[in-house]
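2 protein chains.
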Amino acid sequence: MQQLDTTQPNFARDFTRVVEERRDADSDVAGVVQDILRTVRTGKDDALVKYTQRFDGYSLIDDADWVITAERCKEAFDALDAEQRDALQLAANRIRSYHEAQLPKNRDYTDAIGARLGAIWRPVDAAGLYVPGGRAAYPSSLLMNAIPARVAGVERLVVVTPTPKGNSNPLVLAAAHIAGVDEIWRVGGAQAVGALAYGTDRIKPVDVVVGPGNAYVAEAKRQLYGVIGIDMVAGPSEILVVADGKNDPDWIAADLLSQAEHDPTSQSILITDDAGFAALVADRVDVQISQLATQKTARQSWDDHGVIIVVNDMEAEAPDLINALAAEHLELAIDDPEAMMGKVRHAGSIFLGRMTPEAVGDYVAGPNHVLPTGRRARFSSGLSVLDFMKRTSFIQLDEASFGAIGPAAATLAHAEGLPAHAKSVELRLK
Amino acid sequence: MQQLDTTQPNFARDFTRVVEERRDADSDVAGVVQDILRTVRTGKDDALVKYTQRFDGYSLIDDADWVITAERCKEAFDALDAEQRDALQLAANRIRSYHEAQLPKNRDYTDAIGARLGAIWRPVDAAGLYVPGGRAAYPSSLLMNAIPARVAGVERLVVVTPTPKGNSNPLVLAAAHIAGVDEIWRVGGAQAVGALAYGTDRIKPVDVVVGPGNAYVAEAKRQLYGVIGIDMVAGPSEILVVADGKNDPDWIAADLLSQAEHDPTSQSILITDDAGFAALVADRVDVQISQLATQKTARQSWDDHGVIIVVNDMEAEAPDLINALAAEHLELAIDDPEAMMGKVRHAGSIFLGRMTPEAVGDYVAGPNHVLPTGRRARFSSGLSVLDFMKRTSFIQLDEASFGAIGPAAATLAHAEGLPAHAKSVELRLK
Numbered sequence: 005m006q007q008l009d010t011t012q013p014n015f016a017r018d019f020t021r022v023v024e025e026r027r028d029a030d031s032d033v034a035g036v037v038q039d040i041l042r043t044v045r046t047g048k049d050d051a052l053v054k055y056t057q058r059f060d061g062y063s064l065i066d067d068a069d070w071v072i073t074a075e076r077c078k079e080a081f082d083a084l085d086a087e088q089r090d091a092l093q094l095a096a097n098r099i100r101s102y103h104e105a106q107l108p109k110n111r112d113y114t115d116a117i118g119a120r121l122g123a124i125w126r127p128v129d130a131a132g133l134y135v136p137g138g139r140a141a142y143p144s145s146l147l148m149n150a151i152p153a154r155v156a157g158v159e160r161l162v163v164v165t166p167t168p169k170g171n172s173n174p175l176v177l178a179a180a181h182i183a184g185v186d187e188i189w190r191v192g193g194a195q196a197v198g199a200l201a202y203g204t205d206r207i208k209p210v211d212v213v214v215g216p217g218n219a220y221v222a223e224a225k226r227q228l229y230g231v232i233g234i235d236m237v238a239g240p241s242e243i244l245v246v247a248d249g250k251n252d253p254d255w256i257a258a259d260l261l262s263q264a265e266h267d268p269t270s271q272s273i274l275i276t277d278d279a280g281f282a283a284l285v286a287d288r289v290d291v292q293i294s295q296l297a298t299q300k301t302a303r304q305s306w307d308d309h310g311v312i313i314v315v316n317d318m319e320a321e322a323p324d325l326i327n328a329l330a331a332e333h334l335e336l337a338i339d340d341p342e343a344m345m346g347k348v349r350h351a352g353s354i355f356l357g358r359m360t361p362e363a364v365g366d367y368v369a370g371p372n373h374v375l376p377t378g379r380r381a382r383f384s385s386g387l388s389v390l391d392f393m394k395r396t397s398f399i400q401l402d403e404a405s406f407g408a409i410g411p412a413a414a415t416l417a418h419a420e421g422l423p424a425h426a427k428s429v430e431l432r433l434k
Numbered sequence: 005m006q007q008l009d010t011t012q013p014n015f016a017r018d019f020t021r022v023v024e025e026r027r028d029a030d031s032d033v034a035g036v037v038q039d040i041l042r043t044v045r046t047g048k049d050d051a052l053v054k055y056t057q058r059f060d061g062y063s064l065i066d067d068a069d070w071v072i073t074a075e076r077c078k079e080a081f082d083a084l085d086a087e088q089r090d091a092l093q094l095a096a097n098r099i100r101s102y103h104e105a106q107l108p109k110n111r112d113y114t115d116a117i118g119a120r121l122g123a124i125w126r127p128v129d130a131a132g133l134y135v136p137g138g139r140a141a142y143p144s145s146l147l148m149n150a151i152p153a154r155v156a157g158v159e160r161l162v163v164v165t166p167t168p169k170g171n172s173n174p175l176v177l178a179a180a181h182i183a184g185v186d187e188i189w190r191v192g193g194a195q196a197v198g199a200l201a202y203g204t205d206r207i208k209p210v211d212v213v214v215g216p217g218n219a220y221v222a223e224a225k226r227q228l229y230g231v232i233g234i235d236m237v238a239g240p241s242e243i244l245v246v247a248d249g250k251n252d253p254d255w256i257a258a259d260l261l262s263q264a265e266h267d268p269t270s271q272s273i274l275i276t277d278d279a280g281f282a283a284l285v286a287d288r289v290d291v292q293i294s295q296l297a298t299q300k301t302a303r304q305s306w307d308d309h310g311v312i313i314v315v316n317d318m319e320a321e322a323p324d325l326i327n328a329l330a331a332e333h334l335e336l337a338i339d340d341p342e343a344m345m346g347k348v349r350h351a352g353s354i355f356l357g358r359m360t361p362e363a364v365g366d367y368v369a370g371p372n373h374v375l376p377t378g379r380r381a382r383f384s385s386g387l388s389v390l391d392f393m394k395r396t397s398f399i400q401l402d403e404a405s406f407g408a409i410g411p412a413a414a415t416l417a418h419a420e421g422l423p424a425h426a427k428s429v430e431l432r433l434k
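These protein sequences, in sequence, are chains B and D. Converting from the first sequence to our numbering requires adding 4 to each position, the first position being numbered 1. Converting from the second sequence to our numbering requires adding 4 to each position, the first position being numbered 1.
The shape of chain B in the complex, shown without the other chains:
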């Protein structure tokens, strides 16, 4: 962890270094992914068999080896203890409610010259959802990705997930049952993303692929962007907590660690105007880490990427720091979070006040937990139903409205050196 103070002479330089630090894995995955995608495109199911054996130690032989059935998901759901089942169901219901209100409205109107104009939103035909295997197999992520697709009206919702040595996570299967997934294929990695984009013998292609994954999965999505739609380029998670000295240092320490425990490359940053409080939080972070089952990850994340920034004047200094960091999660644990939110231009999601820890947003609040990382909140948004929909504009003219604007179109077409454009208008003007 490094501590900065805005009154230090080197603050600007040190803060810029924090802002510009790249925490994404810089390994040479691009070439490997390119090979895998090319192989899957031509080799189809055979290529999936080969890669799944190699990377997951799992044999795809009979048809039944390829899929996890709806019955199996239902069994996993029925086997949950009541507390977990109720929690998942509460999460699903709240996520659904929040996202239903995101559904965009169509437009259809006739303007002053009599031109009918509009736009129609429709869901994509099919969406693919990547669900990681192993440590990062989160039922909450399945709900956050699948429910917006269902709300959007996507007819075919396909999950791909690696099942290392045949193992799958029953909580994830239960979540798939709740969300209502149509197909689950036991393939993972870049090869699974390639299968969804190009289609294979067994797997029909989809239009959009979403969901978290490792560096190979992320790179496969990036390379296939344009062949398919994707949710976003995702990086390690991050939290920025803005807290005054009136907070319980234990609460804030736990909030910082709730991101640090995700991944060694995750980042937790505290901005406070109370140096004494900063010291208390740093102390509580160290104590809490030692009690965590995730301590190894959290320790490395906090040591390597944790930052505490002490400011002189919260109101005057925090907004610029917040906007420069453009964090995925922003907690405002201060007296007047509303005023501060008014000055925030860039953040994935904002958690207002002392009783809104980021973790409630990960699970049950309702808004999506798939959010832009790595300062991408400057230009991108969290996952929503819009990621599973597209808009078709339309135009309808009659003789009068065509007569009103056609001549200007012909003028511009000639000016641009496009005579066939002009002719298609002029023939109708005669």
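Worth double-checking, as some hints may not be accurate.
Which copy is meant is left open, so a pair is good if it fits within one copy or across any two.
Stated by the list, open to error - Calculated cross-link-like contacts (lysine-lysine; reagent style BS3-like; alpha-carbon spacing at most 27 Å):
#: 1; residue 1: Lys250; residue 2: Lys434
#: 2; residue 1: Lys54; residue 2: Lys78
#: 3; residue 1: Lys78; residue 2: Lys208
#: 4; residue 1: Lys208; residue 2: Lys48
#: 5; residue 1: Lys48; residue 2: Lys78
#: 6; residue 1: Lys347; residue 2: Lys208
Hints in this document: simulated from the structure, not taken from any laboratory.
Please build the complex by placing chain D on the supplied structure of chain B, with the hints as guidance.
Just chain D now, kept in the frame of chain B:
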């Protein structure tokens, strides 16, 4: 041009070939672009000087060589003849009106358990707009890209454009004056996109880059996606005209040619249920091509990529063909275009009826002419104000609402093996 008939035994095979044909340039631009971007990132202005000399034959020496000033744009506007000025102004006004109604609404509500939830839309801070030099320097494209950014509320709107041997297009400068562009830099190609993404000594970085360009520009945008937001991966333009035998074959021929004249890789397709009409249109296309100043391009496009499909039963057969092609532009020159539109799932923009040639949509109708190509209408939309905005969700709980959903969050955190998540909730529940 190839003609297909749905009654032919090989129709399914031939049609699939049309659908799957890739018309994008397949040259090896990726490596070249990667080099250019790396060089611009480290070499900054010096790299731009070098590439601009090499590719555009233009020397960037003094500060004044780098920019086209607002005064110069104003002069270009003032020098327009009245007809062109009025046409550009009409286009700008209609584009602005259509896009103003796209502005999304913020959400802020308190739900049944007392949780305050919502989302705030904000413009990006800065947007870059690529404007091609040479043949494809279209004032209409500048308006279609710049006006939505302005409507979104983007504060800094930057144009980059190559000026080969120092030449620029006065109509484009006039359009920049009308749209209100803040900066115009005389750089182009992949190096200009790199400059916008990374920033150089003179050029401050932007958050989103939009606008058409050649294969190098498109590849640069694709490689930088994630560093910046981009509009889309664009390919050659295309039109699908669905026309019955009651149309004037000359009108339909001109409509087909209005896309063919754009580029040798553009595609024009006619679907009709009248074989005699198909023959008349094919004949008129040949006659009209010979009269075009753009005949070389149009000829090549029509010969290589033009398709006429004769169907037996328009109502029964056309919808599936339309949806498989997912065309950028779809003209419905039939008696009941409304009924057909109801069956269209995938299209960039639809032009309804016999008096709505696609060319009016290119210029003056109002909806955006930047539309998804290459079957990407299956999952993506035309350019809109949303491409220049992003959404921040927010959550605010009090003790009661936190008490209502906090326990479920803790249950799920434990189930996912994330104890710090659970702790940040449980500390507050005590």
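Exercise for review: State the violated hints by number, sorted upward, taking the hints as numbered earlier in the document.
Suggested key: Result: hints 2 and 5 break, sorted rising.
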